[in-house]
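Novice: One line per chain: the protein sequences are A and B, in this order. Residue numbers are given in this note's numbering: position 102 of the first sequence equals residue 102, and the series is strictly consecutive. Residue numbers are given in this note's numbering: position 89 of the second sequence equals residue 89, and the series is strictly consecutive.
FYI, nobody ran anything at the bench for these hints, they're computed from the structure. One should not assume that every hint holds.
[Said to hold, decoys possible] Each pair of labels, with its calculated beta carbon distance range:
hint	chain 1	residue 1	chain 2	residue 2	range
1	A	I12	B	V126	46 to 54 Å
2	A	F53	B	G10	40 to 48 Å
3	A	D78	B	M111	18 to 26 Å
4	B	A102	A	V96	21 to 29 Å
5	A	V81	B	F18	13 to 21 Å
6	B	E13	A	L86	25 to 33 Å
7	A	F59	B	W70	24 to 32 Å
8	A	L44	B	L66	17 to 25 Å
9	A	L13	B	E50	19 to 27 Å
10	A	E82	B	A123	27 to 35 Å
[What the hints assert, rightly or not] Far from chain A, some chain B residues (derived; all Cβ distances over 12 Å):
hint	residue
11	A16
12	T63
13	R90
14	V95
15	L98
[Unchecked claim] Covered stretches of chain A, going by a simulated chain B footprint (3 or more residues, C-beta under 8 Å):
hint	stretch
16	37 to 43
17	97 to 110
The structure displayed is predicted, hence computed values, not measured ones. Built from N, CA and C at the ideal position, the CB exists for glycine as well.
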Amino acid sequence: MYRGREGMWSWILHRVTGLGILLFLAIHIVDIYLLGWPDLFNRLLFLYRHPVFRVAEVFLVAAVLYHALNGIRILLVDFWVEGTRLHRQLFWVQVVLFLLIWIPTSFLMLSPVVFGR
Amino acid sequence: MYAGRERPTGGFELFAWFFMRISGVVLILLVLGHLAIMHVINTVDEIDFEFVAARWASPFWRTYDLVMLWLALLHGLNGLRTVIDDYVHRKGWRVVALTAMAVIGFILLAMGTQIIFTFEASASRVAAGLP
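Build the full structure now, drawing on both the sequences and the hints.
Specialist: Quick look at the structure:
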């Protein structure tokens, strides 16, 4: 177990984001299955176009990005000799990379909703 | 100390341990590419039936989506299996949870695979009375 500090939080977040992504994947498979009924598929798209979903979509991207970066960190600790020694530095590199990618991406995704096209 | 699950010594668990890491690396490329194309460059304002029909006219994108579907769902289900093993201690409930997971997982995998292989835009348009 890794109680307390960065290790525990990165582990909890990896689980929570993984389960969240799996839940969305299940919903996404069902919505894509509806392509067999084009009318119904197009009529239901208002759900994904709703501002609430547009904000949720930004958090979906956050979950995927966190899970991906944390997965790379796990691989470095598992397979790279220096990974275990540098684990704390790796965690902060991960935080910085996450913010550098997620903030501009969120802006690009939400600007059509906020400012229109 | 901050690594993922400790490497199992053999059998299915060792296979699963490697599968999570290999599929994880491939999924980073496939899923980030998918998100960039479908959620940043294009948005849900552009995506509709005709958008997907144009995309799936290409065998490349059908293959891309099929590989991503299988890897993502198996990666996610194996993660859920680990979570169930950690939190559901009573044997009876664990069997119930794992069985439900396997059944729902199989149905989702079958649905996704079926639509990727059998989707035909013109036939669906005709059936729906669309031009």
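Novice: Please go over all the hints and tell whether each is borne out by the structure.
Specialist: Hints versus structure:
no. : hint                         : in the structure
1   : I12(A) x V126(B): 46 to 54 Å : holds, 50 Å
2   : F53(A) x G10(B): 40 to 48 Å  : holds, 45 Å
3   : D78(A) x M111(B): 18 to 26 Å : violated, 34 Å
4   : A102(B) x V96(A): 21 to 29 Å : violated, 40 Å
5   : V81(A) x F18(B): 13 to 21 Å  : holds, 19 Å
6   : E13(B) x L86(A): 25 to 33 Å  : holds, 28 Å
7   : F59(A) x W70(B): 24 to 32 Å  : holds, 25 Å
8   : L44(A) x L66(B): 17 to 25 Å  : holds, 23 Å
9   : L13(A) x E50(B): 19 to 27 Å  : violated, 38 Å
10  : E82(A) x A123(B): 27 to 35 Å : violated, 56 Å
11  : A16                          : holds, 14 Å
12  : T63                          : holds, 16 Å
13  : R90                          : holds, 21 Å
14  : V95                          : holds, 20 Å
15  : L98                          : holds, 15 Å
16  : 37 to 43                     : holds (count 5)
17  : 97 to 110                    : holds (count 3)
Hint compliance for this structure: hints 3, 4, 9, 10 are broken, all remaining hints hold.
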